[in-house]
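A.B. asks: So the chains spell out like this:
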Amino acid sequence: MQPTTKIHTNGLSFYYGKMQVLQDVSVELQDRRITAITGPSGSGKSSFLSVLNRMWTEIPGVHLQGEAHIRLGGQLHDLCDKRQPAQHLRRKVGMVFQTPNPLPMSIYRNVAFPLKLSGCSDRQQIAAQVESALRRTLLWDEVKDLLKKDARQLSGGQQQRLCIARSLVLEPEVLLLDEPTSALDVAASAGIEDLLLALKQDCTLVLVSHYLDQVKRLADKVYRVDNGRMVQL
Amino acid sequence: MGRLLARLLPGFSWCCALALTAAVATLVWFLLRGGLPAFNADLLFGGTRAIDALLLRRQVFDGLFPALFGTVAMVLLAVSLAVPVGVAAGIYMAEYAGGWSKHLLSLVFDVLAGIPSIVIGLSGFALAIVLHRSFDGRLGPCLLLSALALAFLVLPYLVRSTQTALEGVDPLLRHTALTLGASKLQNIFLVLLPNRLADLTGGIILAVGRCAEDTAVIMLTGVVASAGVPDSMLRQYEALPFYVYYMSSQYTGPEELQKGYAAAILLMIICSLLFVLAFMAQRRLKSWLLYR
Amino acid sequence: MFATLKKNIFLSLACLLCFSLAALPAYANDLDLFKGQQGVIKISGGTAHIPVMKEAAKQVMSAYPDIRITIAGGGSGVGIKQVGEKMVQIGNAGRKATDQEIEQYGLVLFKWAIDGVGAVVNPENPVHALTSTQLQDIYAGKITNWKELGGIDRAINLYTRDEASGTREVFWKKALNKGDIIASANVVVSNGAMKTAVANDPYALGYVSVGHIDASVQPVSLDGVVPSNETVKDGSYPVARGLYSITSGEPQGAVKAFIDFLFSPSGQQIAAAKGFIPVR
Amino acid sequence: MPILSRTLERLFFLAAIGSALLTAAIFLLLCQLGKPLFQHGGLGTLLCSPWNPGHGQYGIYPMIVGSLSIAFLSVLISFPFSLGCAFFITHFGPLALRRKLLNLVRFMTSIPTVVYGFVALFLLVPFMREYLTGGSGLNILTASLMLAVLIAPTMIIFFVDSLQRVPLSYRQAVDALGGSPAQQLLYVVLPMAWPGILNGLLLGLGRAMGDTLISLMLAGNAVAVPTAMTQAARTLTAHIALVMAADFASMEFQSIFACGIFLYLFTALLIVALRLVGRLSPRGL
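Those sequence lines, one after another, are chains A, B, C and D.
Following my numbering from start to finish, the first sequence increments by one per residue and tops out at 233.
Following my numbering from start to finish, the second sequence increments by one per residue and tops out at 292.
Following my numbering from start to finish, the third sequence increments by one per residue and tops out at 280.
Following my numbering from start to finish, the fourth sequence increments by one per residue and tops out at 285.
With the rest of the complex left out, here is chain A:
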């Protein structure tokens, strides 16, 4: 595995109960690149993402075959091993969903939430990190006076940027994006796309999307999933 390789799988198969969702997937994802994954809906794109942050362990009936590794902080982690704790890994592998999913709490608390989870209690440090995350997602100027407001009152685009900010606050090395713009209008989508290009500087991005033009604009490398197999385009 090359030092520039962030994620690497070899002969990976994904089973949901008896159903095989992914078959013999062997891919290499490079550091600080945007890798896009396309394919028809239900073909296993999201399942692939769930391997990368070990969310598959939370879904009853799922089991894996083959190899999958991720390099975090210079160390290799086995993604297929159910016994390893997932929390630490997930703090370094952020995820953004198709539908913006702010937690039912204030804007500030949403962004501070991951810090709270990881046991950080220094208020000043939290405030600084929240501000920096919101600045990175270009949200700070819009919400700096509304920090105590319920996050669910923001617009769809703002909510999605908030969710990205929430993932960024832990300074992840990898960011998984599951069709992050499909619930948004054109203007909001454009804003998110710009943001993703900027994030490429210090983050590995894995983008699931079925908008081919979006993939063309953003991706350095494209895979297509079809019938459970993944091929590079």
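Everything labelled a hint here was simulated from the structure, so no lab data went into it.
Hints should not be assumed to be uniformly reliable.
Said to hold, decoys possible - Dumping the calculated SDA-like pairs for lysine to any residue here, alpha-carbon to alpha-carbon at most 25 Å:
1) A/Lys-116 - B/Phe-189
2) C/Lys-142 - D/Thr-133
3) C/Lys-147 - D/Ala-228
4) D/Lys-35 - B/Ala-6
5) C/Lys-35 - B/Asp-52
6) B/Lys-184 - A/Pro-85
7) B/Lys-184 - D/Val-166
8) C/Lys-173 - D/Met-251
9) C/Lys-54 - B/Ile-269
10) C/Lys-58 - B/Ala-53
11) C/Lys-54 - B/Met-233
12) C/Lys-174 - D/Gly-54
13) C/Lys-86 - B/Leu-139
14) B/Lys-102 - D/Glu-9
15) D/Lys-35 - B/Leu-131
16) B/Lys-184 - A/Ser-121
17) B/Lys-102 - A/Ser-121
18) D/Lys-100 - B/Ile-269
19) C/Lys-86 - D/Leu-21
20) B/Lys-184 - A/Glu-58
21) C/Lys-35 - B/Ser-232
22) A/Lys-116 - B/Pro-194
23) B/Lys-102 - D/Leu-21
Stated by the list, open to error - Computed list of chain B residues with no C-beta within reach of chain A, every gap over 12 Å:
24) Ala-6
25) Ala-19
26) Phe-39
27) Leu-43
28) Gly-99
29) Ser-106
30) Ser-134
31) Thr-164
32) Leu-173
33) Ala-182
34) Ser-183
35) Thr-201
36) Phe-275
The structure displayed is predicted, hence computed values, not measured ones.
Built from N, CA and C at the ideal position, the CB exists for glycine as well.
Dock chains B, C and D against the given chain A, drawing on the hints supplied.
C.D. replies: Here is chains B, C and D on its own, set in the frame of chain A:
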């Protein structure tokens, strides 16, 4: 046949609805007519001064206060015993149990929910005998035993309401905190439970109501006709539902009967208030209240 | 007709008297028995005793809040068994405990009042007299209609007590001469409940402690003798019994004080006020 | 932190397993305390012989008959009635009234059982005595009527739930074909919703069987085997309450454990039946 039935059904259905309304209206009207005249200062405290009774300085003899006190004490005790266990078991059922063990456990809880309350009371009484024999007569039917039996009675409701509340959490929300690196427990306590607080509260309040109205369990486990305000959990006590039952069959004059009516009204008011509270909790109490 | 009226007036007067007596405060010196005592006295058993127990408890607990008295029913059988098993401190019984019970549990019996058990009907019922044969036939299910007894054409609604009842036992032994009680009779759980049931049912026949008889029910004379305190006292009404309070072993402390209180002038006055014949 | 979380998780597990084990423990306790009775006369005698302590008979047959007849009669009365109310809420009532009736039904679930019994004792019993059943008015029919009112809310709420779960598109299909609400109900909704309705029926039966206060206050508690609706009867639950108030270490007392065991087993079988009904329609209709 089918056409005739189709003709008759709407009319029949109207009749049923009217009959039901009439039944409830009659019930309420009859109770109010019989019991309202008894609603005065003496109803609760008899001849004792209210302030003395409330501060437990003096016993109340001809009032409902001891029964009311007994009911409240018993319900509080029972619910504080049942809620931690019920919620914990509900969390286990929703978040940890799986496969055959989940099926088996939920079958057992269904059976427990279905056991007649008098059988629970009987078991409580049997337990009292065993305790009585093994602890040299110091333990017997008492407030604590009633509360234990009642806690057991409402346990399955609490388990079920916690379980369904947790299982009803939107999958996206369920996974959100996990993708941010939350542990399972952090997810349960920081996201899932607060998000379902309204349902949980509603379930608990309904359990309180169930405790307050039950008569069968307590009549086997320590309620008596006359006891005064209990000064310890190991005492026998009076309770409103038992008072209503007792008065219905052995009032000695119109005045006592009127008190029976009044006690029935009082009990109904308590239970309906709890019910309305549960109703409102399930609708209004939004989880964000707790995040501010 | 005239006789009924007179009886009713008499009964009402008796009731009035009872109420006024009940309102009288206890003799202060009788309550001194409880000086320095504290603790819990659990009482259960005989339901005829309950009014007396309640009044006594009220007086004692008012004067000495450190003493707590709880009162439950259940019937004489329960009282005897529970005091024997030491689940209560005082078990009440409307019958004498059997020798076997006394021996098995080491019971000590205190008879503080005399009572009778009388058949009662609803005040609307014109039938006011029965012979013991008639009564036995009714309870055996041979006579089932009031018409056969000179009343209206309605079925007799028979009420009886559960097996633990001392009242039932005494009535069964002395009034029914150990004859059968038909299984289809309605069962009620206490003297109070019996009185209430008969008072509410115009076609009822039941039996109740004489002390519980008031204007709401009509006593039925048995072989020409009306059950009342007078006839029980002079022995002309045969269905009589003692009211017992029973302890397991010699009573101590507050329990002893309570038993002594029952025998004191105040206690005896309560018994009389509640319609029983005091022993002193 | 891991220690704390492991402790908590272990506590969740203990709570669940403990509650389940206690449920089983109840059964064992009942069996243990009722054991002398089984040895004495055998289970068959116990279940089939009459109650006559004077002659050494401690059978609970009359109470079984009493319990079953009161429970089934009340379900029989309550079922069509509850179905009618449920139809009102889902199909026939004016929209403004539907919600109100449903709320009334929900409110009824909060009325204490003893209050139902209390009112019936002073209202229904004299009425039955004078106009319908004769006798004392304390009989199977009176208790069943009141029990029918008591279990109606349970059944109605369940029925409404299962009627409303029939997909809207099916119902709209009937509307589009010009069918009346009653036809829609009869030909589409009922055939699809019947497992849910059966479920509600069984739940109602369970409640009726397990209720103590109504039958204790209204059924007359006679120990004879009832042969008609107008006769007094004693239920298993009332028998427990009556004898419990009565004795301690005797055969009478032990017989109530037989009642407890019978009720427990009945409940368990009913729950299993409910599970099987649930299997009838895996989609949960």
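A.B. asks: Next step is simple, just say for each hint if it's right about the structure.
C.D. replies: Taking the hints in turn, this is what the structure says about them:
no., hint, result
1, A/Lys-116 - B/Phe-189, "13 Å, holds"
2, C/Lys-142 - D/Thr-133, "21 Å, holds"
3, C/Lys-147 - D/Ala-228, "23 Å, holds"
4, D/Lys-35 - B/Ala-6, "56 Å, violated"
5, C/Lys-35 - B/Asp-52, "22 Å, holds"
6, B/Lys-184 - A/Pro-85, "11 Å, holds"
7, B/Lys-184 - D/Val-166, "36 Å, violated"
8, C/Lys-173 - D/Met-251, "22 Å, holds"
9, C/Lys-54 - B/Ile-269, "28 Å, violated"
10, C/Lys-58 - B/Ala-53, "14 Å, holds"
11, C/Lys-54 - B/Met-233, "22 Å, holds"
12, C/Lys-174 - D/Gly-54, "16 Å, holds"
13, C/Lys-86 - B/Leu-139, "10 Å, holds"
14, B/Lys-102 - D/Glu-9, "16 Å, holds"
15, D/Lys-35 - B/Leu-131, "19 Å, holds"
16, B/Lys-184 - A/Ser-121, "20 Å, holds"
17, B/Lys-102 - A/Ser-121, "38 Å, violated"
18, D/Lys-100 - B/Ile-269, "19 Å, holds"
19, C/Lys-86 - D/Leu-21, "31 Å, violated"
20, B/Lys-184 - A/Glu-58, "9 Å, holds"
21, C/Lys-35 - B/Ser-232, "22 Å, holds"
22, A/Lys-116 - B/Pro-194, "16 Å, holds"
23, B/Lys-102 - D/Leu-21, "14 Å, holds"
24, Ala-6, "44 Å, holds"
25, Ala-19, "44 Å, holds"
26, Phe-39, "44 Å, holds"
27, Leu-43, "45 Å, holds"
28, Gly-99, "9 Å, violated"
29, Ser-106, "16 Å, holds"
30, Ser-134, "45 Å, holds"
31, Thr-164, "18 Å, holds"
32, Leu-173, "6 Å, violated"
33, Ala-182, "5 Å, violated"
34, Ser-183, "5 Å, violated"
35, Thr-201, "16 Å, holds"
36, Phe-275, "27 Å, holds"
Violation of the numbered hints given earlier is confined to hints 4, 7, 9, 17, 19, 28, 32, 33 and 34; the remaining hints are satisfied by the structure.
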